[in-house]
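Sequences and hints are given; from them, build the entire structure.
For the protein sequence lines, the chains are W and S, in the order given.
When you line the first sequence up against the working numbering, it's residues 1 to 168, in that order.
When you line the second sequence up against the working numbering, it's residues 1001 to 1578, in that order.
Please keep in mind that the hints were generated in silico from the structure rather than gathered at the bench.
Among these hints, one or two may not hold up.
In silico DSSO-like links for lysine-lysine, alpha-carbon gap of 30 Å or less [as the list claims (entries may be wrong)]: (1) 1316/S - 65/W; (2) 61/W - 147/W; (3) 71/W - 1194/S; (4) 1319/S - 65/W; (5) 1388/S - 1415/S; (6) 1316/S - 13/W; (7) 71/W - 13/W; (8) 71/W - 1319/S; (9) 61/W - 1316/S; (10) 1205/S - 61/W.
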Amino acid sequence: MSQHLITVTVENKPGVLARIASMFARRDFNIHSLAVGPTEDPKRSKVTMVVDGPEMEQIVKQLYKLIHTIKVTEYAPGEAVEREIMLVRVNADPKRRSEILDAANIFDAAAVDVGTNTIAFEVVGEPSRLSDFLEFMRTYGIVSLVKSGRIALAKDAKSQSRRQKQSA
Amino acid sequence: MYPENTMAEQLNGAAILIRSLEHENVETIFGVPGGAILKAYDELYSSPIRHILARHEQGGGHMASGYAHATGRVGVTFATSGPGATNLITPLADAYMDSIPVVAITAQVGSRSIGLDAFQETHTWGISMPVTKHNYLITDIDEIPSTIREAFHVASTGRPGPVLVDITKDALADSMVWHGPGEIDLPGYRPSVKGHPRQVNAAIKAIAQAKRPVLYAGGGIIRAGASGELQAFAEQHNLHVVTTLMARGAIPDSHPLTLGMSGMHGNYTATTAIQQSDLLVAIGARFDDRVTGNPEFFAPHATVIHVDVDPAEIGKIRKAEIPIVGDAKAVLGQLIAEGENLGVPSETPARAEWNATLEGWRRDFPLAYEQDPDGLIQQQYVIDEISKRTDESTIAVAGVGQHQMWASQFWAFEKPNTWINSGGLGTMGYAVPAAIGAQAGMPDTTVIAIDGDGCFQMTFQELITAAVENIPVKIAVLNNANLGMVRQWQRLFYDERFSATELSYTNPNIPMLAEAMGCAGFRAETPQDVVPTIEKGLAVTDRPVVMEFICDPDAMVFPMVVAGGNNDEVLMGPEDLQ
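Next up, the structure:
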């Protein structure tokens, strides 16, 4: 299913997240990932969502229908810097520990907790890096995993055009 | 009324609430008091605002909606915390579906008790969220003036709808200096009014090209007060107009371009005109499933121009080739001006043929009923006779079911805001309280509810309110001793297994019940009784009247398109189902 990345700028008012969640439930839309946080303006919050679906037009319109929604921005792939953070604990038999740490190094994953038979890593980066790391670690065995919602920041228009030139 | 900043006047939150409501020019509030809202009622006691004490909060909510329907103003309802608020959920959902401007004020337990399962505590804000256009929880007295201002603004602008304001007991009790009405601070709320000129231009060009155009007018016309513009626009382009259930009265039924209601129980001409149209001009309509049947088969040849103040309605059900976001009145004004600008082409042979086709269908497939003088009273006959005996400003109100469909079909609507019913939510029991609200708002107009016996038994106790408050509504109960529409479906689709649909002709004894509630009660048992009973009922003006008509339990509403069906398959009677 196609996934879309959107940022919803809302008034920083109590319950605004509940309004969004309630609307999604009510309209049978699907949220794949969600992150909410403050912005440069204390009166605004930003909700970054990855949503499933063919119904993007309705999702955007229904979001705008919420009185506290100020702006909805949909990002095409490459239009925004995207980040997620993941904490993952993998099986690490003492005999294989250095092998695992070497691999983690390649992914810029930081070991944040080392136990007798497990290691917990923190990985920050583009969603694809997180999933690559996870895929790699599956061979050792994932003990537990938590992931933040995705956050996104629009790329500067100049940096975007530079990139396009480079790729051209 | 209250000059701002003239003196430091210390008021409690309840007084500030009432003063804020007075600033919104609220004249009437429908409600029921209780513990948490007592303070507000104490202040209301010395306010010029009229309070009408409903017998149930649901009644108060529907009264506010009926008031708003009839007057075009914002209806206001009060309820206390907990059960008071939960009883308001149905009226809020009803008003939301039909885009009726209502402001509901509920009280909440003290802010320090929230979340502790206090007596009569419920999460009103959360419960009401999906059934309101917007809602608020006020825990601080400071927020009262601006919130009330915003609530009325949101309820009455853009696509109208209900707004709930929940106020904690302590916010009502605290004191502060009254600084005058609050200010609106809604940076994300900017409803469009005018349509995009390029789209307006494209619409006029499409109409000029069309061979079989139809104007599909919805309740948005009524809400926007755009009836005059609708008629002028239809006449300018010689466009026939289909009116949805919510738009009955948007253009006079006597107008030669009016086709009436389409859809599940629409007339053949209106439904078929849309099916065969090559251009559908939808204004303030939302392609409801009762109008479209299965959307896949709906108006298959039509290019769609869709005008709506709510962008989310455009493209929700049916793709619009020419979408226009804007207020129906403003956009119709633009369309008329653009038509004058570009000039309306003289009638093409194709258009003349289409108009002749419509006239032919109208002649061949009229809405009709037969009243056998020796048979049971036919519901359509009662509605027809009441309609004939009342003037065109009379407001007709209906509940939900067969009687509602017959009222829509057989009442002659000539003016906007003279038809009040629960269209979207389909709330049985709507008619009695909504009629009371309408009558309270329009004291010099005759208000008649056409009700069913099933609906009547859901909310009749509000007639006590009407009698006590001197609100002389008239209720015609079409008693078929059944939940008629459900019975009709059981007959047609459930092998005549009449499960749980049988009511009674004798219990309750409706005229006696009416008298017990302080109303006049009459009963008609034969077709010969019908007109005299109506005349007796219409003659009573000093108290509410209930006219009961003992009707045919087997009468069915036709034409009919089966639910989710194809609108090309209009059943003219039960024989067409086989």
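Structure-based check of all given hints:
{"no.": "1", "hint": "1316/S - 65/W", "in the structure": "holds (13 Å)"}
{"no.": "2", "hint": "61/W - 147/W", "in the structure": "holds (28 Å)"}
{"no.": "3", "hint": "71/W - 1194/S", "in the structure": "holds (20 Å)"}
{"no.": "4", "hint": "1319/S - 65/W", "in the structure": "holds (19 Å)"}
{"no.": "5", "hint": "1388/S - 1415/S", "in the structure": "holds (15 Å)"}
{"no.": "6", "hint": "1316/S - 13/W", "in the structure": "holds (29 Å)"}
{"no.": "7", "hint": "71/W - 13/W", "in the structure": "holds (15 Å)"}
{"no.": "8", "hint": "71/W - 1319/S", "in the structure": "holds (24 Å)"}
{"no.": "9", "hint": "61/W - 1316/S", "in the structure": "holds (10 Å)"}
{"no.": "10", "hint": "1205/S - 61/W", "in the structure": "holds (28 Å)"}
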